[in-house]
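Fit chain B to the supplied structure of chain A, relying on the hints for placement.
Protein sequence lines, in the order shown, are assigned to chains A and B. If you're matching positions, the first sequence starts at 1 in our numbering and goes up one per residue. If you're matching positions, the second sequence starts at 1 in our numbering and goes up one per residue.
Everything labelled a hint here was simulated from the structure, so no lab data went into it. Think of the CB as a built atom: it goes at the ideal place given N, C-alpha and C, for glycine as much as any other residue. Among the hints, erroneous ones may be present.
Derived coverage of chain A by chain B (criterion: at least 3 residues anywhere in the stretch with Cβ under 8 Å from a Cβ of chain B; other residues may be distant) [what the hints assert, rightly or not]:
(1) 36-47
(2) 167-173
(3) 179-192
(4) 226-237
(5) 247-258
(6) 456-462
(7) 466-474
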Amino acid sequence: MATVTSRTAYAAPGGNGNAGAKSLEEAPLVQGNLSFHDITELVSEHTEKKTPLGWFLAFSLALTGLGILGLAIAYLVWNGPGVWGLNNPVGWGWAIVNFVFWVGIGHAGTLISAILFLFRQKWRTSINRTAEAMTLFAVACALLFPTFHVGRVWLIYWMLPLPNQMAMWPQFKSPLLWDVFAVSIYGTVSLLFWYVGLIPDLGTIRDRAVKAGRTLRARIFGFFSLGWTGSNRNWRHYERAYLLLAGLATPLVLSVHSVVSFDFAISIVPGWHTTIFPPYFVAGAIFSGFAMVVTLMVVARKVYNLENLVTIDHLEKMNIIILVTGTIVGFAYITEFFIAWYGQVQYEQYAFTNRAFGPYAWAYWTMMSCNLLFPQLFWVKKFRRSIPVMFAISITTNIGMWFERFVITVTSLHRDYLPSSWDYYQPTMWDVLLFVGSFGLFFTLFLLFLRFVPMVAIAEVKGVMPQADPHFYHHGDGHGTPAELAEVADYQQDAYAQTAQDPQGTPSDDAS
Amino acid sequence: MLDRIRQLLDDRANQHVGYLAEFENPGALYDAVKSLRKKGYPRLDTFSPFPIHGMDAAMGLPVSKLGFLVFGGGAMGASLGVLMQWWMGGVDYQINVSNKPLFALEASVPIIFELTILFSALTAVGGMLALNGLPRPYNPLFYSERFGRATDDGFFLHVAEADTAFTSNGTASDLFGLGALAVEHITHEGATELDSSGAPVASATSGEPVLAVSGAAPVTPSHTTGEI
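Chain A extracted, bound-state conformation:
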């Protein structure tokens, strides 16, 4: 049987799904002359091979971080949040900064999996699995901080609307409670979305394990793949469920960081009480999240030999998003200053002058240069496509976004209305260890994911290859017997009928 690969598919006259109508030919999403089986092989082998030594090294490092987290949490719970550097005006320190930082990182995963799916951005298929996993783990890290910030963590269930012996209910008018709902539901929906996407690929791993005679592995993956067969009758509901989940996750992801920003914006602290916060926080979240995806993918594609699936074109597209959102964020910083001046409220004006030139000016200018200035390098195509440059900028972006939350939280709090309450906030060792430990948790989970779960959505990548389209085989060589040509006319009729009844049919699907 002649195996069709991504190269022969594109090389065929009128290939790429009979794309004669396309005036602007895009670079193929899958490079390197791969067949369907090659894709399966390329992704699955990393979960099947003997665990490489490098993985153990990385994992032991991550476990060390996790151990630090355990230590920091134990010390914190034993002694209470007094071990942190919080003082009287600054009652929110690193804990909330880290919380917003991690939630923000999570947003890129949902953006890639949901919003880009709705916009039919097919390039998302090779990075969405990893990005969604990153979301889940980032949300897990984020939830740590508010959970332990309550002090008496054994009473955390008071936040949930559970009947209890005190006959009390949570206060639903508080944005902090909205946060409890928003972030936990965000985590749940992200998990569902991720798992639904995984089902067909878990089936792939199961069938490979059956073939290789690895019974235990086949049973474990058989359990999680739920008996998936790839039946078209199943794909029909599956695709609809995926579309609906994408449609649900899109407003959800925008709402989550909006609700997080309400934690600040609903209060009447100068520097926090502004209506620009929700969109500005969402843009910042996407910005930091994409930077994290770039950081992780640059390494993962190299280590796992996935350069043909996660191509430079993919990375360049992400860098463009970083450039756009970074500039939006920078614009928001400047707008805040303008509004403080234009609003003529002296407390607001002081808060912002103090932000840029007060005791925390160093943090402010770190944020400004990392978030607004450095990403501007991506205007140059050469930098957008350079691995070292994008890696460096993805790191500075994450540093900058951490500082953004630090600047917003701490500079607004450390100057109260009465100068007698002014103070300077500094973290203690336990603040630092908790934050370092959260990276340990993140990388432990991420490394386990890389080891045991297919890190690229195998079924989805195959689906965007030109040879996945049944019509590719009909028009491929441009020749045909009269009987075949009659059949072709039949398909086209059929495809029109389908476009009419199929609301998902888009002009870009012009193959049909």
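For chain B alone, kept in the frame of chain A given last:
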């Protein structure tokens, strides 16, 4: 009534008893489905590693009804969000905060919204699994060794024995005529490879399935009428 239920369950159990044919690529599979539909086979299914564009229309499947279920789930979540906040904050445990109203729709929007999404998402996943009959640990298709490639690069067409147009030799020759690379007879006892006359190819029964649940009693194909 009980008989009817038993019949439905039997039909479901025997849904995949029939002929399984492998095709070379999505195009060949698509052609085969179109031709078989013209020949009057209503109970076809195809298996592929990814959803094939246009296959729903070729198989004559309507758009999934999942959206209606999800709408119901979302409406339930929204109502729950309103009722919960109104009753807990406005009735059962009244706390006066800055003399703000005990219950106001405006302040309740975020949680109403979040619960709407949560319930819709749970319905979407639960409904998808229910409509697909998953999880389904035992499936006679797994007897076929060939079928393992349905999640890799294999493209399969299945004709149920329950199909009105199914005949044991006619269907096999139909499938080979459409370019099937191989045809297997799937039963609860195993998978047997067939030739174009519908007779078993000598010594071609596959071994024990790895994933079959031990103790699953084979079900004899009996009722052949109900809808899938």
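Going down the list of hints, with the structure as the test:
Restraint check on the region 36-47 of chain A versus chain B: 3 residues with Cβ-Cβ distances below 8 Å, three needed, restraint holds. With 7 residues having a beta carbon nearer than 8 Å to a beta carbon of chain B, the region 167-173 of chain A meets the requirement of three or more and the stated coverage holds. A stretch counts as covered by a chain when three or more of its residues have a beta carbon under 8 Å from one of that chain; for the region 179-192 of chain A and chain B the count is 6, and the coverage holds. Counting residues of the region 226-237 of chain A whose beta carbon lies closer than 8 Å to any beta carbon of chain B gives 12, which meets the minimum of three for the stated coverage.
By the rule of at least three residues with a Cβ nearer than 8 Å to a Cβ of chain B, the coverage given for the region 247-258 of chain A holds, with 5 such residues. Residue count for the region 456-462 of chain A with a Cβ under 8 Å from a Cβ of chain B: 4. That meets the three needed, and the coverage hint holds. For the region 466-474 of chain A, the assignment as covered by chain B holds, since 8 residues bring a beta-carbon within under 8 Å of that chain's beta-carbons and 3 suffice.
This entry satisfies every hint, going by the numbered hints stated previously.
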